[in-house]
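Knowing the structure of chain A, use the given hints to seat chain B on it.
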Amino acid sequence: MNVEPYSLSSPTQLIYQRRRRGRLVLLACACLLILGALLSVMLGPLDISAQDIVATFASRLGLAPDAEIGMVQRGVIEQIRLPRALLGALVGASLGASGAIMQGFFRNPLADPGLIGVSAGGALAAVAFIVLGAGLMSTVMAQFGSFALPVVAFLGSLATVFIIYQLANLDGRVVVTTMLLAGVAANAMAVSGIGYLTFLADDTQLRDLTLWTLGTLGGATWERVLPAAALMVIGLLGMLRLSRPMNALLLGEADAGALGVNVERVKRQAALLTALSVGAATAVCGIVAFVGLVVPHLVRLVTGPDHRYVLPGSALLGAALMLFADLVARLSVAPAELPLGVVTAAVGGPFFIWLLLRDKHRHQAP
Amino acid sequence: MTVELERASVIRGRRPILNSADLICQPGELTVLMGPNGAGKSTALQVLAGVTGCDSGRCLFHGQAIARLSRAELARRRGVVAQTSQLAFPFQVHEVISMGRTPHYGYPRAQNDESVMNAVMERMDIFELASRNYLTLSGGERQRVNIARVLAQLFDHPPTEVPWLFLDEPTAALDLKHQIELMKLLEQLAAKGWGLVVVLHDLRLVRDHADKVVLFRNGSVIGAGSKSQWLTPEMIQSTFGLEEPYDLGLAD
Chain A
0 MNVEPYSLSS PTQLIYQRRR RGRLVLLACA CLLILGALLS VMLGPLDISA
50 QDIVATFASR LGLAPDAEIG MVQRGVIEQI RLPRALLGAL VGASLGASGA
100 IMQGFFRNPL ADPGLIGVSA GGALAAVAFI VLGAGLMSTV MAQFGSFALP
150 VVAFLGSLAT VFIIYQLANL DGRVVVTTML LAGVAANAMA VSGIGYLTFL
200 ADDTQLRDLT LWTLGTLGGA TWERVLPAAA LMVIGLLGML RLSRPMNALL
250 LGEADAGALG VNVERVKRQA ALLTALSVGA ATAVCGIVAF VGLVVPHLVR
300 LVTGPDHRYV LPGSALLGAA LMLFADLVAR LSVAPAELPL GVVTAAVGGP
350 FFIWLLLRDK HRHQAP
Chain B
0 MTVELERASV IRGRRPILNS ADLICQPGEL TVLMGPNGAG KSTALQVLAG
50 VTGCDSGRCL FHGQAIARLS RAELARRRGV VAQTSQLAFP FQVHEVISMG
100 RTPHYGYPRA QNDESVMNAV MERMDIFELA SRNYLTLSGG ERQRVNIARV
150 LAQLFDHPPT EVPWLFLDEP TAALDLKHQI ELMKLLEQLA AKGWGLVVVL
200 HDLRLVRDHA DKVVLFRNGS VIGAGSKSQW LTPEMIQSTF GLEEPYDLGL
250 AD
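If you read the sequences in order, they're chains A and B.
For the first sequence, position 20 matches number 19 in numbering that gives the first Met the number 0, and the numbering has no gaps at all.
For the second sequence, position 70 matches number 69 in numbering that gives the first Met the number 0, and the numbering has no gaps at all.
Same shape as in the complex, but just chain A (with noise of 0.2 Å):
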């Protein structure tokens, strides 16, 4: 049998180490949304092939004019599966982007958008905007078109960011337990917010609202995915670009900006396109629980905290989860369809229960 001999491994082996297992799991998340992504589109009511796919795709881009495939699944594929494929894709890599960058940010890992009602404020500005915007909404839509309702979500996420910060925040140094709490007044002011305005509303528009409570990725037509989309790659890629100085900030404030970080600028990018994100996402399907929370941990889990893989992978997990939680939704009670959030929270809950008890076990070891 052969034996390796006991060595030590110096920092460039362990360099290596973590760098190999990051492309890996980067990988293998990448892999997971692929997968996620075609049978996203091949399952449903109607059953579509593999074949189809690629017939469809082949035509669009003028590779073969004439592939044989029906009117009726080239219709659902382009018009009903893939706007959703791609919105449920984006919305789960911003949510895990989102969540990744948080806990960085509160030098935390118990924050997530959900919980500490980020996307709760969101929601309830958009709900607002819905309800009471009537006339309001008209002049807007004008302005803006489509975009008018994420933007609103965004503000409404931004502000939630800022007011729980400042609560949280005492002389450069976030108190956990505030922020939580914090949070979770935050995220029960806007529901209830939400509650009120659902009772305000009229019969239309409360179809609308339901979605705002438990999360969908129902309705989702290209008209109103585009310009969500937009917004949320924008924010995918400035969270990207944030990674090293993330990492630099977990060291604490003052450490940071003694090693050349610009800590209060790096703070206001992420607490900006957090909030971007979070309510782009929250605009077109509604408060998602937990994604933004059970994501990064589950890639902390393998490539350690390094935001340059955390940021990265939870983006591709995220996507991934997302749509898997979708299919889920969609095909356990067919032909109806559950609420989203329903298959995140059922997942997301017990998993945030496993995480308390992990750190209480950790706290009472010497």
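Certain hints may be false.
[Said to hold, decoys possible] With a Cα cut of at most 20 Å, we get these calculated SDA-like pairs of lysine to any residue:
id, chain 1, residue 1, chain 2, residue 2
1, B, K211, B, S227
2, A, K266, B, S84
3, B, K211, B, V161
4, A, K266, A, P226
5, A, K266, B, R70
6, A, K266, B, Y245
7, A, K266, B, Q85
8, B, K183, B, T159
9, A, K266, B, S69
10, B, K211, B, D174
11, A, K266, B, V161
12, A, K266, B, T51
[As the list claims (entries may be wrong)] So the derived label-pair ranges between C-beta atoms look like this:
id, chain 1, residue 1, chain 2, residue 2, range
13, A, V327, B, L134, 32 to 42 Å
14, B, L68, A, V301, 52 to 62 Å
15, B, A171, A, V327, 51 to 61 Å
16, B, D124, A, R18, 23 to 33 Å
17, A, Q165, B, Q25, 37 to 47 Å
18, B, L175, A, T176, 30 to 40 Å
19, B, L134, A, R20, 11 to 21 Å
20, A, R18, B, L134, 16 to 26 Å
21, A, V327, B, E72, 50 to 60 Å
These aren't lab readings, by the way, just hints derived from the structure by calculation.
Glycine included, every Cβ here is placed at the ideal spot set by N, Cα and C.
Frame of chain A, contents of chain B only:
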């Protein structure tokens, strides 16, 4: 090539925690800031390092107002070891140390990352901790990792530059052996021309290693100069508010 405070004041609330302090630190020597708790030592250190700005007066780094130097530029020329670290994520030790290289990212010195990391880990005796989770380390081990991280920032400085190191009670959590080794290292760095400013409480370490002492009381500098001039039994008694004179045995 000095770092100076000119009538620097820092006010928190309505209370001045640093009150019109004047101070000159020379490279090539170990300057020790001393005084009772809350006397303004740590604040002075932070202002000297450019981490905290002053409300009036100014800090000059090699003749330039430190507030006008870019953060990144400053980070390549001086390092700061704070009293406590707030890291709460399970990084491995080598990852923590690699963060010291952050200011060099995208600059030529980034090529040295790995050799510098090896050198500082050897120096701080943490080579065998390289793959450990930072959160599972003892206080003293964490302190050595933090010092190594800051050393990694400066270890490959160009020969034309004077690197500055600011340390706030770096020996507090260390065992005797590592206290002695750290002080030896600081002396060696001073001999190589580094500028070193250290807050220390242990009077015996000050007696054995300081080149220059600065005494603080109630936010003011009450004396700065040689050990034999300022560390007399009576001076220590009045600075720290002791009931009796405290003899360090410096008088010869």
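Check the hint pairing K211 of chain B with S227 of chain B against an upper bound of 20 Å on the C-alpha distance. It holds: about 10 Å lies between the C-alpha atoms, which stays within 20 Å.
Can you confirm whether the C-alpha distance between K211 of chain B and D174 of chain B stays at or below 20 Å? 24 Å, violated
20 Å Cα cutoff - pair K266 of chain A, Q85 of chain B: OK: K266 of chain A and Q85 of chain B at ~17 Å, within 20 Å.
How does the Cβ-Cβ distance of D124 of chain B and R18 of chain A compare with 23 to 33 Å: does it lie in that range? 26 Å, holds
Given the hint that K266 of chain A pairs with R70 of chain B, does the C-alpha gap stay at or below 20 Å? 16 Å, holds
Could you see if the CB distance from L68 of chain B to V301 of chain A stays within 52 to 62 Å? 40 Å, violated
That 16 to 26 Å hint for R18 of chain A and L134 of chain B (C-beta), does it hold up? Holds, since R18 of chain A and L134 of chain B (Cβ atoms, about 22 Å apart) stay within the stated range.
K183 of chain B and T159 of chain B were given as a pair; does the straight-line alpha-carbon distance stay at or below 20 Å? Measuring from Cα to Cα gives roughly 24 Å; hence the hint is violated.
Assuming the hint says 30 to 40 Å, is it satisfied by the Cβ distance from L175 of chain B to T176 of chain A or not? 38 Å, holds
Cβ separation of L134 of chain B and R20 of chain A, checked against the hinted range 11 to 21 Å: At roughly 19 Å between Cβ atoms, R20 of chain A and L134 of chain B fall inside 11 to 21 Å, so the hint holds.
Measure nothing beyond the straight line between the CA atoms of K266 of chain A and Y245 of chain B; if it is 20 Å or shorter, mark the hint as holding. 48 Å, violated
Holds or violated: K266 of chain A to P226 of chain A, with C-alpha atoms at most 20 Å apart: Distance of about 26 Å is beyond 20 Å: violated.
Hint compliance for this structure: hints 4, 6, 8, 10, 11, 14 are not met, and every other hint is.
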